[in-house]
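**Student:** For reference, the chains in residue letters:
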Amino acid sequence: MNVLRWWSGLLVAFALLLLLRITLPLPFNNEIVIFAIYVIGCNFLLGRVGFISFGQPAYLAVGAYGTAFYLYYFGTNPFVGILVGVIAGIVVAAIVGPLFVRLRSDYFALVNLALAVIIFFMMQKMLATYTFGDNGLELLTKMDSTPIIDITRPEGFYVLAFVSAFGVWALYKYLDDSVFGACCLAAKVNEDKLRFLGYSNFGVRLMAFIVANTTTAFAGTLYAIHQGLVSPEMSSPARVADPVVVTILGGVGTLYGPLVGSVAFVGMKDLISKYIGHWELVVGVLLIFVMLAGERGIWGSLEPLLRRWVLRQREAEKPAVADAGVKAR
Amino acid sequence: MIDPHLLLSGVIFGLSMGSVFFLMTLGLSLCFGLMRVISMDQLLYYAVGAYLTYTVSMAIGNVWLGILVGVLVSALVGFVIERLVFQRTYSREITFSMIISFGLLIGGIGIIKAVWGLVPRPVPVPIEAQWNILGTEVPVYRIVVVLIAVLVYAGIWAFLNKTIIGKAIRAGIEDVGHTEGLGINVSRLFTLTFILAGALSGLAGGLHAPLIMVFPDMGLEILAFAFMVVIIGGLGSIKGTFISAFLVGQVVSIGSLVYAPLAQMAPFAIMLLILLIKPTGLYGSAMLKR
Amino acid sequence: MSKPILVVNGLNASYGESKVLFDVSIDVLDKQVVGCVGRNGAGKSTLLKSIAGFLHPRSGTIVSDGVDLVGQPAYTIANLGIKYIPQDKKVFSDLTVRENLELGSYASGDYDWDPVLTFFPKLKVLMDRKAGYLSGGERQMLMIGRAILGRPKLLLVDEPTEGLAPSIVTHLKDVFRELRRSAALVIVEQNLPMICGIADKIYALNEGRLMAEITERDKITPEYCEPYL
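Protein chains in written order, with the numbering used here: chain A, 473 to 801; chain B, 289 to 578; chain C, 9 to 237.
Misleading hints may appear alongside valid ones.
Listed next, the in silico DSSO-like pairs over lysine-lysine satisfying Cα-Cα at most 27 angstroms (straight line) [claimed, not checked]:
1. Lys132(C) with Lys450(B)
2. Lys138(C) with Lys566(B)
3. Lys450(B) with Lys130(C)
4. Lys98(C) with Lys130(C)
5. Lys527(B) with Lys132(C)
6. Lys132(C) with Lys181(C)
7. Lys527(B) with Lys450(B)
8. Lys527(B) with Lys138(C)
9. Lys209(C) with Lys130(C)
10. Lys401(B) with Lys597(A)
11. Lys98(C) with Lys11(C)
12. Lys597(A) with Lys614(A)
13. Lys98(C) with Lys132(C)
14. Lys209(C) with Lys138(C)
15. Lys138(C) with Lys98(C)
16. Lys450(B) with Lys138(C)
17. Lys161(C) with Lys181(C)
18. Lys181(C) with Lys27(C)
19. Lys527(B) with Lys566(B)
20. Lys746(A) with Lys401(B)
21. Lys450(B) with Lys98(C)
22. Lys130(C) with Lys161(C)
23. Lys11(C) with Lys138(C)
24. Lys132(C) with Lys11(C)
25. Lys39(C) with Lys138(C)
26. Lys181(C) with Lys227(C)
27. Lys401(B) with Lys741(A)
28. Lys181(C) with Lys566(B)
In short, the hints are calculated from the structure, not lab data.
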C-alpha cells in the first residue's frame, strides 16, 4: 500500500505527460521532456540547497559536447555517446564543485554564470578547430541506428527520453525523502545545526551539486542525440536565464514544478515567438511577476490545493473502510 | 617576444577596457555594498546608455551630448525601477532580488530589441585624433575614456569621504541597522545609490559605444567580465573593484596579444585562483551581514 | 505625577516561526529610568527592538505621545526622539569618531556637541581616530554620544555595561543619572547593582512573558531582583 502511494504521484504525472504525447506534436513533446530533465537540477539546487545557479547551461553544454565529441570523432553508438556525456558531466562537476560549493550563494550564482559564458567562448573560439565554432558538430549522419527502438529517430527518441525522465524523477523523489534530502534542506536553512548533527556541510553540498549538474549534463546528451547538432549556442549568455525562469515558473523546490514549468515555458515560447516576437520581454516580465506575486510558481500554487483535495478524498474513504472492517469481524 | 609598439597599444587598449569595466561594476558594487542586492539590471542600463548615445549622436551629431543623455536616462530608469521593484526586495534574501534583477535585464533587452531592432549600430568616435607616443599611434579617445574613469573614481572617493551623504552611505555599507537607528532615512539613501549606480552604468555604455558596435545583447556580452571583475575585487568594495577592473582589462588586452583565446580564459582562471585562496575576492568582507 | 511617554500594550513578537514575546505590556513615564531584567533569551532585547522599529510585532500597540509606532520604519521612530542603543557595541569602524558624530548630527539636525563632550571628555582626543580602533568602553561612549544628539525624549539602551571595566560602569551610571534630567531611559541590564542604583521601576521578563513590575522603592534592590535573573 505504502509502496503504491509512493509511486502514485509519479505515475499520475507521467500518465498526464503521455496524454500530452497523444494530443501535441512529437517535437514539442521531446522538447518538453528534455527541458524538464534540464531544469530539475536547477530546481533542486535552488529549492533544496538554496544555491541559485545561473550557470546550468555550462553543464548542459559539457554533456552535449561530451556526446558530440565521442560520436563525431570516436564511435557511432549513441548509447555510448550518452554515457560519455554523463561521465563528462560528473567529471566537470567533481572538478569545479569543491571550489564552488564553498562560496556564498551570491558568489556561487555569479561564478556559475561566468563558467557558462566561458564554456561558450571556449566552444565558439578556443576549441573551434574541433567544434567548428558556431556551425557546430553535425551528428545526425554519425550515429548508428539502435536495435528494437531506434533512438536516432524522433519516435524512438521519445521513448528513451520518457523513460529517462521517469527514472530521473523517481531518483529525485527518492532523494527528497532520504536523509540526504533532509540534510540538503538543513544546509539551506541552518548550516550550524547541520554541523551539530555530525554531517559535513561541504560534503552534503558537494553531493547535491554533483547530482544536480550530472542530471543537467544528461539533459545535454539527450539534446545532442535529439537535435543531431551541437553548437555553442546552448550555453550562450542569452540562454542562461531559461532554467532559472522555468524553475521559478514551475515552483521552486517542488518535485513536479520542472515538468509543469517546462510545459508552460516551451508552450509559451512556441506561441509567443510565433505571434508576438520579443520573447525576452515576456520572459522578463513573467519572472518579475511570479517572484513579486509570491514566488510559488504554477505547481507551487496548485500543489497545496491538490493535496487538500486528495486528503479530503481519503478522509471520505476512511469511514467506509472502517465500517467494512467492523462488519467483516 | 611581443613587438613593443603592439605592447604599448595593447596596454592603452587594456586601460580603456579596464575603465569601462570599472564604471560598469562600480554601480554593481555600490548596490551590493549598501543594499545587499546583486543588481544584474545594471547591465541593462549599460546598454540603454549606449543606445541613447547612438540615437542622440545620429540625430544631433554630437556624441558627447549623446553620452550625457544616456547617463541621465539611465539614472532615471534606475530611479523608477528602484522605486517600483527593488523597494519590495530589500527585506528578502539575496537570491530573490537576484532573480528579479535578472528578469529586469532580460525583459529590458526585449524592449531594446523592440525599439531599436536587432541590427548592430555603429557610433562615431568623438575624437578621431591619434597621439604619437614613443613612435606608436595611440587613439586619443581611449586615453580620454581612461581619464574619465580616473576622474569618476576620484569623484566617488570625494563624495564618499567628504560629503555627509557619502559618509552615511559608508556607514550604511558597514551596518544598515545602525545607520537607520540614528534616524537617517535609509530608504532615500538606497534610492540615491541606485540612481548613482544607474548613471555610472549608463556612462560605461555611452563611453564604450564608439569603441564597439551597439547591439541588444551587449549587456549579456560584457556580463561575464563584469562579474569576474566584482568577484576578483570582492563584492561591495570600491577599491577592490577599481584594482580588479584594470587588472582584468590588462589581462584581456595583453592576453589576446599572446594568444587570442586567452582574452576570455585568463580572467576566468585568475578568478578561480583568487576564489581558491580567498572565497570573497581580494577586498570582499567575509560576512554577509544585514 | 508626570505623563507616560511610552505605552506598550499586549505586545506579541516573533522571529520567523518562533514566538519570543507574549502579551507584554509596559509603560514608561517622562524622565523615568526603567530597568528591564531577565535571563538570556527572556525577550528583553526583542522588546527594545520592537519599540525601536527593527522588528515588526505580530500584534499589540506601542504608543508614544499619541503616535502609534507599530509599522513605522526605524528611522522615523528615531526621528521622533526614541533612540535605540544596541547591545553589540558596533560603531561604524571605517569612519572616524568625528564622522560618527557628524552622522548623528546630520540625522537629528543637532550640531551642538558640547553636551556629548561634557559627558565623555575622552572623545575629544579620539576625534580623528577610526572608530574601529576604539576600546569597548570608548565605543559605548561613542554610541551613547551620537544617540543623544538631537536631545531624544526616550533612550532604549541594551546591556550597556556588558563586558566593560568597573570604572567605566560607574562612569556610565553617572551619565545615565545625568541624562534622565532631559530624557526617559529604558535600560536592559544583567548587572543588578548598577540598574537598581538608578532605576525608578523594574520589569522582570522570563521566557517572553512579563513576570513582575517592581515599583516600590525599597524593593528595587539586587537582593529582591536576584530571583528573576
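**Student:** Would you mind marking each hint as holding or not holding in the structure?
**Tutor:** Results of checking the hints against the structure:
1. Lys132(C) with Lys450(B): 21 angstroms, holds
2. Lys138(C) with Lys566(B): Holds, at about 26 angstroms.
3. Lys450(B) with Lys130(C): Between Lys450(B) and Lys130(C) the Cα gap is close to 25 angstroms, so the pair holds against 27 angstroms.
4. Lys98(C) with Lys130(C): 18 angstroms, holds
5. Lys527(B) with Lys132(C): Roughly 30 angstroms between the alpha carbons, so the hint for Lys527(B) and Lys132(C) is violated.
6. Lys132(C) with Lys181(C): Within the cut-off at roughly 20 angstroms; holds.
7. Lys527(B) with Lys450(B): Since the Cα atoms of Lys527(B) and Lys450(B) sit roughly 17 angstroms apart, the hinted pair holds (cutoff 27 angstroms).
8. Lys527(B) with Lys138(C): 18 angstroms, holds
9. Lys209(C) with Lys130(C): 31 angstroms, violated
10. Lys401(B) with Lys597(A): This hinted pair holds, its Cα atoms lying about 26 angstroms apart.
11. Lys98(C) with Lys11(C): 33 angstroms, violated
12. Lys597(A) with Lys614(A): OK: Lys597(A) and Lys614(A) at ~23 angstroms, within 27 angstroms.
13. Lys98(C) with Lys132(C): Answer holds: Lys98(C) to Lys132(C) is near 19 angstroms, not above 27 angstroms.
14. Lys209(C) with Lys138(C): 38 angstroms, violated
15. Lys138(C) with Lys98(C): 13 angstroms, holds
16. Lys450(B) with Lys138(C): 15 angstroms, holds
17. Lys161(C) with Lys181(C): It holds: about 18 angstroms lies between the C-alpha atoms, which stays within 27 angstroms.
18. Lys181(C) with Lys27(C): 33 angstroms, violated
19. Lys527(B) with Lys566(B): 17 angstroms, holds
20. Lys746(A) with Lys401(B): Cα-Cα ~16 angstroms, so holds.
21. Lys450(B) with Lys98(C): 22 angstroms, holds
22. Lys130(C) with Lys161(C): 25 angstroms, holds
23. Lys11(C) with Lys138(C): Answer violated: Lys11(C) to Lys138(C) is near 41 angstroms, above 27 angstroms.
24. Lys132(C) with Lys11(C): 37 angstroms, violated
25. Lys39(C) with Lys138(C): Violated. Lys39(C) to Lys138(C) sits at ~34 angstroms, over the 27 angstroms cutoff.
26. Lys181(C) with Lys227(C): Since the Cα atoms of Lys181(C) and Lys227(C) sit roughly 20 angstroms apart, the hinted pair holds (cutoff 27 angstroms).
27. Lys401(B) with Lys741(A): 17 angstroms, holds
28. Lys181(C) with Lys566(B): 44 angstroms, violated
Checked against the numbered hints given earlier, the structure breaks hints 5, 9, 11, 14, 18, 23, 24, 25, 28 and satisfies all the rest.
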